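**Q** Protein chains in written order, with numbering that gives the first Met the number 0: chain A, 0 to 410; chain B, 0 to 243.
Note that these hints are calculated values from the structure, not bench results. This one's a predicted model, so the numbers in the text were calculated from it and none came from an experiment. There may be inaccurate statements among the hints.
To be verified - Among the chain B residues that face chain A by a calculated CB cut under 8 angstroms, a handful are:
| hint | residue |
| --- | --- |
| 1 | Gln-92 |
| 2 | Gln-96 |
| 3 | Arg-99 |
| 4 | Ser-114 |
| 5 | Val-177 |
| 6 | Leu-182 |
| 7 | Gln-185 |
| 8 | Ala-186 |
| 9 | Pro-233 |
| 10 | Asn-239 |
To be verified - Residues on chain B that point at chain A, a partial pick, calculated with CB under 8 angstroms:
| hint | residue |
| --- | --- |
| 11 | Lys-52 |
| 12 | Gly-77 |
| 13 | Asp-89 |
| 14 | Ile-101 |
| 15 | Ala-178 |
| 16 | Ser-179 |
| 17 | Asp-180 |
| 18 | Gln-209 |
| 19 | Asp-240 |
Unchecked claim - Pair ranges (Cβ atoms, derived):
| hint | chain 1 | residue 1 | chain 2 | residue 2 | range |
| --- | --- | --- | --- | --- | --- |
| 20 | B | Glu-21 | A | Ser-155 | 38 to 46 angstroms |
| 21 | B | Val-193 | A | Val-259 | 37 to 45 angstroms |
| 22 | B | Leu-53 | A | Gln-232 | 30 to 38 angstroms |
| 23 | A | Trp-191 | B | Glu-21 | 21 to 29 angstroms |
Quick reminder that beta carbons are idealized off the backbone N, C-alpha and C, glycines included.
Given next are the chains, with one letter for each unit.
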Amino acid sequence: MRGKTAITVVCAAGLFISPVAASDVSIKAWVIPEYHTLNSSSPFAPGAGQSDFGRNRTREEVELRAKAWDVNLVATAATTAMEGKEPEQTAILNELNYDFSVAGERFSLGKKIVNWDVGFGFRPLDLLQQENRRSIAATTLEGIPYLSWEKFSGDSAWMLIYVNPVQGRATVAKNDESVALKYYLRNAATDWHAVMRLSERHHIETGAAVSSVPLESMEVHGSLLYQQRFEQQYNSLTGSSGVHLNSSDPMQLNTRRHGVKALAGFTLTGEAGFSLLGEAWYDATSYSAADWRDVKQLVEQQAALLSQGAPVAAVNGNIAYSLRYFERPNLLKENLLLRLSHRREGENWEPALDILCTPVDAGLVATASLAYIGNHFRVDSGVRQYGGASGSAYRMLPEERIVYLALQGFW
Amino acid sequence: MCKYIVTFIIVCFTVLPARAGEVTKYLKKADSYRLEANAMQVETEVKLFKSGKLDKERLYTVYLKNGRRSLVLMQSAGEKGQKVLMLGDDFWQIMPQSQRPIRITPMQKLLGDASVGDIATMNWSEDYDGSVTGEVDVDGTPCLHLSLTAKNKGVSYKRIELFIAKNDYRPVKANLYVASDKLAKQARFTVASVKGRQQVTAMAIKDQIQTGRETVINYLSRKARSVPDEYYNPMFLTRNDLKE
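Same shape as in the complex, but just chain A (with noise of 0.2 angstroms):
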């Protein structure tokens, strides 16, 4: 969303908090800098120029929050200024949604975030939100167009959802139509939960997640779903022994049959204020260590060219194209997750270490960070290092470091 429609949203959301109670109004203010370090020895280097790989960038945020009537609105407008690009503006309508009843029935229309997984790292049942879990400061999401009908009984629930009316198969998934149906269910310590949603994308999805607190220190989850069908980006060039060079977008969309997505981990939470996360997971429609050596060879052989006498924009430019590999939320099919951290009752400071690591090919991304948390502000400061073994996924990412600061005001 350009200038003049964040006006017009910032408008509309002080019309409607106009006569709201201040009580039900919050603002909250972000700064996040962002100093991104260039991997030069990464194999997909050449075309990150044509990239947002390796672009220190500073993003401004300002978040409207307003309760009134049944209706909630949560709006932002922000403003990033990246290194070599004209600072771009937007505004987003994160939230705009009606929650009311008839004849006892529950509805709710209008944009609202929905998660439904019970993960961390990863979140297979997140079927209609489909968030970046890899984002490295948690700025609140962008909503989806919705209608649903729910019911509560003491220990269950159940939702029928329709998403994105009318829209059909959209460019992107998030915002495909969709209908989908979720069932809860609470026993003792323990909660279930079921869904299956009908999209022209994937046809059937359906799954199931557990989440239990077995211990007082302690909590399991698990979560699993099959896709009837799903979809791989693949670049169409790899594999073959002649042509390198492609003058069009070689990447293609191919569709596939029967993915699933698999999650298990746990939360430890200790007396001194320790919390250990750990989680495993697996998706199919990620790739495997052998796409990305088939993706490896593509680049190299492209990089060669130039010895050749290949135009350099041309190498660049085919390269780049292959740096859409590193879009999806899961670089391979296997995962591994541990985060540690430490927070006490009333403390500051919350420090953390979390390391995910992709087994099949030794990758690593480490990411340590500190976290200040006052009266009206909090500071958040990290540094995320990219790396593990040679010609793994992370190890080729066209960046080797992320250091980042969020400072954050509320009122």
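Place chain B on chain A using the hints.
**A** Frame of chain A; chain B shown alone:
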């Protein structure tokens, strides 16, 4: 020897149950200073002090209902949209950024700016049992000393040494022990007349582990209010039609 055995049996089967019943009675009276109805809405203000200096202020709306049910809505700007639901020994939290109710462990509810357990728990008689261990003076007030142990696993404190005024059973002081039997906090209660009724108007909690830290919970208002049972369904946390 036989005389001692007989005395022991008499104590076990007559005196101790009577004392236990007496403790429940005392706890219910002490609870009535914080919880005046089966279902309530309580507005609370929490001030966190570090070395005597104000560090943070937070506002919470708490809904309580019989059956050990409570719902905490965070009202301060930095926490707006966060909710914590407590159903007996089970707990859920929802964060506004992701809008999904997730299960948290009893340990996790002790984390954060202020312990949700301290804010939302206003009832000892449902969660604790114990005995009267003596009579002591606390700051010049003659008190009954109650040694309490948790009946339920999800409570924040496994053991409480509670001191209630001998004349009217109002809570005066409590020593709060965590699972490792470490003294975690010491609470003192302020009782004042509100609308002609004696009520706990504030609870000052001194941290005994992180010394120099104190949390003062001020009860700004209390009113009898019963919200429908479905509001205590974890999936209902995503909805906004809870009238505050």
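**Q** So, for every hint listed, does it hold in this structure?
**A** Results for each hint:
The interface hint given for Gln-92(B) is violated, since its Cβ lies 11 angstroms from the closest Cβ of chain A, which is over the 8 angstroms cut-off. With 8 angstroms as the threshold, the beta carbon of Gln-96(B) comes within range of chain A, its nearest partner Cβ sitting at about 5 angstroms, so the hint holds. Of the supplied interface hints, the one on Arg-99(B) holds, with its beta-carbon coming within about 4 angstroms of a beta-carbon of chain A, less than 8 angstroms. For Ser-114(B), the interface hint holds, the least distance from its beta-carbon to any beta-carbon of chain A being 5 angstroms, beneath 8 angstroms.
Because the beta carbon of Val-177(B) sits about 6 angstroms from the nearest beta carbon in chain A, less than 8 angstroms, this interface hint is met. With a least beta-carbon distance of about 13 angstroms to chain A, the hint placing Leu-182(B) at the interface is violated under the 8 angstroms criterion. For Gln-185(B), the shortest C-beta to C-beta distance to chain A is roughly 14 angstroms, which exceeds 8 angstroms, and the interface hint is violated. Evaluation of the Ala-186(B) hint against chain A yields a violated restraint, the C-beta minimum of about 14 angstroms exceeding 8 angstroms.
With its C-beta approaching chain A no nearer than about 7 angstroms, Pro-233(B) sits inside the 8 angstroms limit, and its interface hint holds. With a cut of 8 angstroms, the hint placing Asn-239(B) at the interface with chain A holds, because the nearest CB-to-CB distance is about 4 angstroms. At about 11 angstroms, the closest approach between the beta carbon of Lys-52(B) and any beta carbon in chain A exceeds 8 angstroms, and the interface hint on this residue is violated. Given the 8 angstroms rule on beta carbons, the hint for Gly-77(B) holds: about 4 angstroms separates it from the nearest Cβ of chain A.
Among the interface hints, the one on Asp-89(B) holds; its C-beta lies about 6 angstroms from the nearest C-beta in chain A, closer than the 8 angstroms criterion. Taking 8 angstroms as the C-beta contact cut-off toward chain A, the hint placing Ile-101(B) at the interface holds, the least distance being around 7 angstroms. Given hint, Ala-178(B) at the interface with chain A, holds; its Cβ is 6 angstroms from that chain's nearest Cβ, closer than 8 angstroms. Because the closest C-beta pair between Ser-179(B) and chain A is about 6 angstroms apart, less than 8 angstroms, the hint holds.
Below 8 angstroms, beta-carbon pairs count as interface contacts, and Asp-180(B) has none with chain A, the closest being about 11 angstroms; its hint is therefore violated. Contact between Gln-209(B) and chain A, as hinted, is supported at the beta carbon level, the nearest pair being about 6 angstroms apart and thus within 8 angstroms. Satisfaction of the interface hint for Asp-240(B) is found here, the shortest Cβ-Cβ separation to chain A being roughly 4 angstroms, below the 8 angstroms cut-off. For the pair Glu-21(B) and Ser-155(A), the supplied restraint of 38 to 46 angstroms holds, since their beta-carbon distance comes to about 41 angstroms.
Taking the beta carbon of each, Val-193(B) and Val-259(A) are about 59 angstroms apart, not inside 37 to 45 angstroms as hinted. The hinted window of 30 to 38 angstroms between Leu-53(B) and Gln-232(A) is violated, with their beta carbons roughly 54 angstroms apart. Against the hinted window of 21 to 29 angstroms, the Cβ-Cβ separation of Trp-191(A) and Glu-21(B) comes to about 43 angstroms, which falls outside the hint.
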